[in-house]
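Take these sequences, add in the hints, and give me the full structure.
Chains as they are written, first to last, in this note's numbering: chain A, 91 to 407; chain B, 473 to 995; chain C, 2 to 324.
What the hints contain is simulated information worked out from the structure, not anything from laboratory work. Everything hinted at is true.
Have a look at the derived ranges for each label pair, beta carbon to beta carbon:
#1 B:Asp-975 to A:Glu-170: 29 to 37 angstroms
#2 B:Pro-806 to C:Asp-58: 36 to 44 angstroms
#3 C:Leu-15 to A:Pro-148: 52 to 60 angstroms
#4 B:Gly-564 to C:Ile-107: 56 to 64 angstroms
#5 C:Asp-89 to B:Asn-539: 39 to 47 angstroms
#6 C:Arg-45 to B:Met-939: 28 to 36 angstroms
#7 A:Ile-200 to B:Glu-498: 57 to 65 angstroms
#8 C:Trp-161 to B:Asn-539: 36 to 44 angstroms
Chain B is nowhere near these chain C residues, computed Cβ spacing over 10 angstroms in every case:
#9 Val-14
#10 Ile-128
#11 Tyr-220
For every residue, glycine included, the Cβ atom is placed at its ideal position computed from N, Cα and C.
Okay, here's what each chain looks like letter by letter:
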Amino acid sequence: MSAVEPRVDPAAKPPSAWARLRESDVFHSFVSTPSAMIAAAFTVIAILACFAAPLIAPFNPFDPAQISLWDGKLPPAWVEGGQAQYVLGTDNQGRDMLSTILYGGRLSIIVGMAAVGLGMVLGVGLGVIAGYVGGALDAVIMRIADVQLTIPGILLAILINGIGRAFLPPEIREEFAIYVVIIAIGLTDWPQFARVARGATLVEAQKEYVQAARVIGLPGWLIMLRHILPNTLRPVLVIATIGLALAVIAEATLSFLGQGIPPTTPSLGTLIRVGNEYLFSGLWWITLFPAIALVVLVFAVNLLGDWMRDALNPKLR
Amino acid sequence: MKHRSLTGASALALAAALAAAPASAENVLRWTSQGDALTMDPHAQNEGPTISMNGQIYESLVTRDYNLALQPELATSWEGDLEGWTFTLRQGVKFHDGSDFTAEDVAFSFRRAQSGASDYKEQIKSIKDIEIIDDHTVRFVTDGPNPILPNEITSLFIMDSGWAKANNVEMPQDYAAKEETFAVRNANGTGPYRLASRAPDELTVMERNGEWWGWSEFPGNIDKIEYRPIKNAATRVAALLSGEVDFVLDPPLQDLPRIESTEGLGVSTVAQMRSIFFGMDLGSPELRSSDVKGKNPFADPKVRLAVNHALDKEAIKRVVMEGLSFPTGMITPPGVRGNTPENDAPYEFNVEAAKALLAEAGYPDGFSVTLDCPNDRYVNDEKICQAAVGMLARIGIKANLEAVSKSQHFPKIQNRQTDFYLLGWGVPTLDSHYVFAYLIDGEGSWNATGYSNPRVNEITDLIATEMDEEKRDALVAEAWDIVKAEAPYAPVHHQVIAWGISDGFEIPIGADDSFRPRFVVKK
Amino acid sequence: MLAFILRRLAQSVLVMAVVSVISFSLFNFVGDPVNNMVGQDATRERRAEIRLELGLDDPILVQYARFVGNILSGDFGISYRIKQPVDDLILERLPATLELVFVSAIIALVFGISLGVYTGIRRDSWISRLVLSSSLIGVSLPTFIIGIGLIYLFAVHLRWLPSSGRGGVVDLGFWKTSLLTVDGWRSIILPAITLSLFQLTLILRLVRAEMLEVMRTDYIKFARARGLSERSINFVHALRNTLVPVVTIIGLNIGGLIAFSVITETVFQWPGTGLMFIQAVDFVDVPIMAAYLVFVALLFVVINLIVDILYFVIDPRIRMGGS
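Structure (structure tokens):
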């Protein structure tokens with residue numbers, strides 16, 4: 091035990107000190123960039139609001155027994171014909187727009203984070219291995235990434251959907267739709283992460299301390315985990331932020347093509363797709379509010395990603 | 473100075489040429505709908521848009537006008553007896569390529585429609601033999617009496633036998649064909665318009681056939697028809713609103729008020745020959761997707777009636793269908809022989825009664841089941857299902873909605889692999905037999921309910937050959953009464969067709985959603 | 002060099018094979034084509050017969066072998082939906098897609114690079130900030146709603162531009178172009194902008210980031226010290242150095258444009274391969290789907306190969322497979 095301790099400590103400590111230093115720098119940049127602060131505030135508020143949906147939303151739009159079709163298509167409360175209980179009006183099924191957007195936003199954020207998480211874990215893992223091991227394994231992994239890039243996400247969604255249908259009992263298929271979307275988006279994402287991680291690994295693997303670690307005979311997985319992985323995270327984090335925004339949009343697009351999350355438990359994307367159908371109808375609130383919610387969310391996340399790219403790039407300061 | 477005026481003049485000339493090209497003296501109708509015809513071969517595909525497109529070029533012996541009344545087309549009169557039907561053909565008719573129309577062409581076309589790769593075999597399966605009496609008389613010998621043969625052949629188009637031979641298209645294109653046949657992109661009919669150019673999914677142009685026999689009888693004055701299919705509904709409406717097309721066959725219901733309130737545009741509506749309903753699998757020993765195991769809740773008529781009473785058809789009409797539907801208690805619309813006001817009345821919407829029925833059947837807390845629904849086939853199909861999920865939740869039935877494309881939905885019904893599903897049914901023959909044979913008979917190919925009542929099955933067979941109208945009507949009524957009481961289906965409504973039309977045109981709307989340019993007038 | 006290209010070619014063939022197997026295996030999940038190929042009154046027996054004729058009940062591998070065999074003998078099959086040979090259809094629709102992608106790429110490049118250079122040089126001006134923020138809005142909404150929004154504004158409300166279609170098409174015999182008529186140009190504006198927005202934002206950001214880095218290099222500082230004009234520094238020295246990564250990204254993104262054109266073409270009824278593919282998915286038109294996917298895969302593979310060769314030429318130190 092005591093033989094292990096000293097070896098672990100130096101390995102763990104320097105990165106954490108390094109990270110602390112980095113963070114204070116980043117923090118400085120953060121407070122000196124108003125757009126970053128606003129974006130972060132928006133993102134945090136949006137995410138908090140969405141996750142608190144069951145507490146703050148006036149209705150539960152996912153419970154069909156709470157919905158009355160006769161309340162459908164009511165305008166926002168401040169417009170003539172609107173009702174006070176439905177602040178932003180109701181959609182074509184009689185669901186409160188505000189509650190539906192909050193619940194839908196939560197679903198979209200979960201889908202986006204899970205999809206990006208999946209893409210990131212898969213992509214970074216494979217990318218680091220490809221870059222570190224090299225040779226045939228590298229070629230195989232990167233060619234698989236190429237294959238991946240050639241298959242449109244929509245088809246992947248159909249495929250995963252179909253496999254799910256074939257193997258899952260029918261009563262859980264409706265919930266399964268969400269996982270289909272997560273996996274479909276996550277799988278289309280990973281090659282990007284893999285490319286970036288592989289690039290960073292190639293650079294890092296040349297450095298002396300890694301060479302030294304090799305010479306002492308540290309196992310490959312330990313070197314990758316301890317030394318290489320932390321150094322790939324900076325560019326990966328930037329991609330992940332933008333990827334989160336893209337995942338939310340991709341989910342809306344899948345919904346547009348009829349492969350998304352079922353309309354009984356709508357995500358923000360499904361709401362946008364439905365709103366799209368009402369663009370010419372004069373029921374502007376069905377189109378406008380989900381679109382605004384999406385733009386604000388994605389815009390804030392993107393802005394945050396932007397700032398992170400600049401702030402985390404030492405060459406630009 | 474001179475140079476400048478020259479440029480000005482040539483610019484003017486160019487502008488004039490650009491403006492003049494589309495707006496010459498001829499009357500042009502530009503229209504759109506979601507899907508293009510699949511082929512110009514009249515016997516290869518029995519599908520709405522394909523029939524509608526081919527019906528402008530080709531003609532059948534008997535046709536329907538926009539009120540769906542039978543009218544003579546290439547036949548001037550017809551007469552039926554116990555062994556078959558005799559048709560007297562119109563004289564002096566010519567195909568677009570100039571050859572004469574004779575009984576030979578009729579016999580050829582019907583044989584072609586009966587051949588291997590034809591999609592019309594089912595419709596004319598009662599025809600056993602075709603006899604050419606003389607150049608303008610044809611007799612169809614049927615397999616026993618067939619009271620509704622003229623109703624069955626209104627979209628069976630007549631081709632020129634000589635043209636077909638010369639171009640090697642004596643048979644429709646095979647499904648597994650390796651090569652495209654001539655008839656897929658070329659057409660030679662007797663109809664009021666001839667095919668001028670065709671680019672599938674892009675633009676199809678038709679030109680007036682000045683030689684057509686009917687111009688003195690019909691009001692139509694359109695010289696050229698340009699058809700541009702537009703898949704995306706919002707884009708389709710945008711094309712109408714911006715004046716790029718004069719007529720949209722299938723605008724979404726929610727956009728109708730906008731079209732109506734736009735200057736120069738209007739909306740025409742008519743009740744459609746199509747009913748929308750839910751089917752319940754009552755035949756299987758156990759539902760595939762339910763939490764109730766070992767028995768099938770739908771097998772109990774009380775549960776099926778509870779579903780019927782739980783559906784608020786009026787709310788679906790007002791909110792989902794923008795007021796454009798007729799709530800019903802039958803799966804076939806008025807206008808089809810057999811529909812009666814008594815049976816057409818919807819099952820009463822009554823949540824308490826529905827709950828009581830469920831409790832009586834032994835499901836006081838309801839049960840769960842998957843509801844299969846198409847999302848690209850009927851008007852607002854997915855939204856209807858979504859509304860139904862909410863209504864069923866009120867009585868405790870937890871329906872999990874699975875909305876998929878029609879290509880995934882319909883096979884489930886045909887293979888009887890669904891517990892609970894949405895289906896719509898149109899009746900081209902306007903006779904109940906078409907409904908019984910496919911949806912209610914125990915062997916019906918679209919009957920996924922497993923419903924099979926011996927007496928109803930018997931009546932289905934009897935009315936196929938019963939020539940006495942009174943007796944036949946009584947049998948049909950008896951069968952519908954049984955179906956109403958046993959409720960294998962939960963009817964929702966009959967659809968309404970709405971067309972968006974520019975005020976510059978008069979386009980009579982037909983209950984079969986078919987575009988009939990011979991009646992179209994540019995004002 | 003030759004060995005490298007040969008090895009990449011061999012790998013590419015493998016990629017194509019994998020793509021075609023995967024795409025083929027998923028057609029069974031899209032739905033049942035026979036349902037769309039016959040009328041509602043066709044009997045069960047008839048449907049079964051057609052399945053048999055088309056070989057749809059054979060094991061996937063058997064169907065796949067047949068497909069590959071046919072392709073190798075130059076037979077791509079007949080579309081289930083419009084009954085025409087698939088290779089004809091793809092060749093017929095390809096010009097529309099390529100013209101759309103071409104115009105979009107030009108828009109993305111011209112605006113992306115010029116705005117990227119500007120925001121890179123004037124890093125802190127308010128115009129730069131405005132450009133950067135507003136470019137983000139373009140990627141904050143899904144393509145389909147941007148497309149419909151543009152149609153609503155420019156076709157329905159202002160009536161400046163047509164809502165859909167290709168407008169006047171001139172047939173050159175081997176190529177149907179809409180770029181030779183005024184009407185055609187009017188028609189391509191909205192879909193091209195819709196399709197280019199995403200790439201434009203990407204290029205803008207990339208060029209800006211590269212400019213920021215290059216401007217700090219000693220090389221530019223020397224140029225400045227030598228008293229070269231600001232203009233020549235910006236455009237001759239700085240921009241040139243940013244172009245290498247930009248070119249690679251663009252190469253890869255042309256493939257992306259073609260994939261994304263599926264949505265844009267659907268919204269604008271642009272009669273290209275993307276619209277054809279979506280309609281094939283709706284109809285379960287297996288021959289079209291298969292051929293389209295193989296075609297897209299081929300395109301990606303070729304572009305990847307060219308990019309790799311470019312890398313190799315630019316920087317011979319880069320060797321395949323890392324080291």
